[in-house]
Amino acid sequence: MIPLAAFLALTQQCAPAVAPATMAAIVRVESGFNPYAIGVVRGRLQRQPANLDEAVETTRALEAGGWNYSAGLAQVNRANWVRLGLTPQAVFDPCRNLAASAAILQGCFERARLRHPEAQNALRAGLSCYASGDFSSGFRTGYVQRVVAQVARPDPVVPAITTDVSPIPVIPSRPTAARSDPSRSRAGFGSPGDGRTDQKAGQADDMTQESAVVF
1 MIPLAAFLAL
11 TQQCAPAVAP
21 ATMAAIVRVE
31 SGFNPYAIGV
41 VRGRLQRQPA
51 NLDEAVETTR
61 ALEAGGWNYS
71 AGLAQVNRAN
81 WVRLGLTPQA
91 VFDPCRNLAA
101 SAAILQGCFE
111 RARLRHPEAQ
121 NALRAGLSCY
131 ASGDFSSGFR
141 TGYVQRVVAQ
151 VARPDPVVPA
161 ITTDVSPIPV
171 IPSRPTAARS
181 DPSRSRAGFG
191 SPGDGRTDQK
201 AGQADDMTQE
211 SAVVF
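Under UniProt numbering, read the sequence shown as residues 1 to 215, first letter to last.
Simulated from the structure, these hints should not be mistaken for laboratory data. Every value quoted in this text rests on a predicted model; they were computed, and no experiment measured them. Take these hints with a grain of salt, some might be off.
[Stated by the list, open to error] Quick list of the computed label-pair ranges, beta carbon to beta carbon: (1) GLN120 x GLN89: 33 to 39 Å; (2) ALA9 x PRO172: 54 to 60 Å; (3) ARG111 x ALA64: 31 to 37 Å.
Just so it is clear, CB atoms sit at the ideal spot from N, CA and C, and this is done for glycine as well.
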């Protein structure tokens with residue numbers, strides 16, 4: 001499997017005409033980023049090839065058996081190989097596979113624009129064309145919807161490791177006097193038990209609490 005970051009860099013190099021997010025969504029649906037993936041029409045392999053040699057040998061067997069199949073990262077169908085200059089070996093090269101895929105998708109998109117002037121509608125019709133050769137089958141099979149859903153899927157992000165953080169304590173420069181009980185220090189202000197205190201004394205306390213300066 002090709003890591004996503006490496007795949008996006010490869011896409012920009014090998015398929016610059018297609019938005020990386022669009023190409024990533026297609027490949028995620030088509031092969032799960034497996035460069036040796038082979039999809040057999042009206043059939044399936046017992047397992048996917050583990051390496052290039054096994055992939056090439058499998059395509060030769062499929063060809064000899066008359067099977068219709070697609071191969072590589074973006075699952076380029078065998079019917080397009082000659083036109084795009086691909087061989088059983090080259091189709092499994094990630095860069096060449098993406099370039100071929102981009103050529104197919106771009107052709108589909110340009111034809112779709114003749115029917116759908118709005119770019120996103122044309123792109124969706126182009127995705128259907130990419131998968132099936134026409135502008136409607138990909139909607140009926142759900143292929144277009146699956147690709148679009150992959151674009152909206154967030155990629156997992158591994159968080160950074162953090163350690164427990166504690167505040168730094170303050171070392172006072174001189175001992176601080178213990179505060180007296182406010183109710184006792186203000187006993188001489190106001191009538192006993194009426195809840196009133198001296199206004200200036202209250203203001204002084206408020207200033208002390210609000211100040212950020214320590215003397």
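Do the hints match the structure? See the list:
no., hint, verdict
1, GLN120 x GLN89: 33 to 39 Å, "37 Å, holds"
2, ALA9 x PRO172: 54 to 60 Å, "56 Å, holds"
3, ARG111 x ALA64: 31 to 37 Å, "34 Å, holds"
When held up to the earlier numbered hints, the structure conflicts with none and fits them all.
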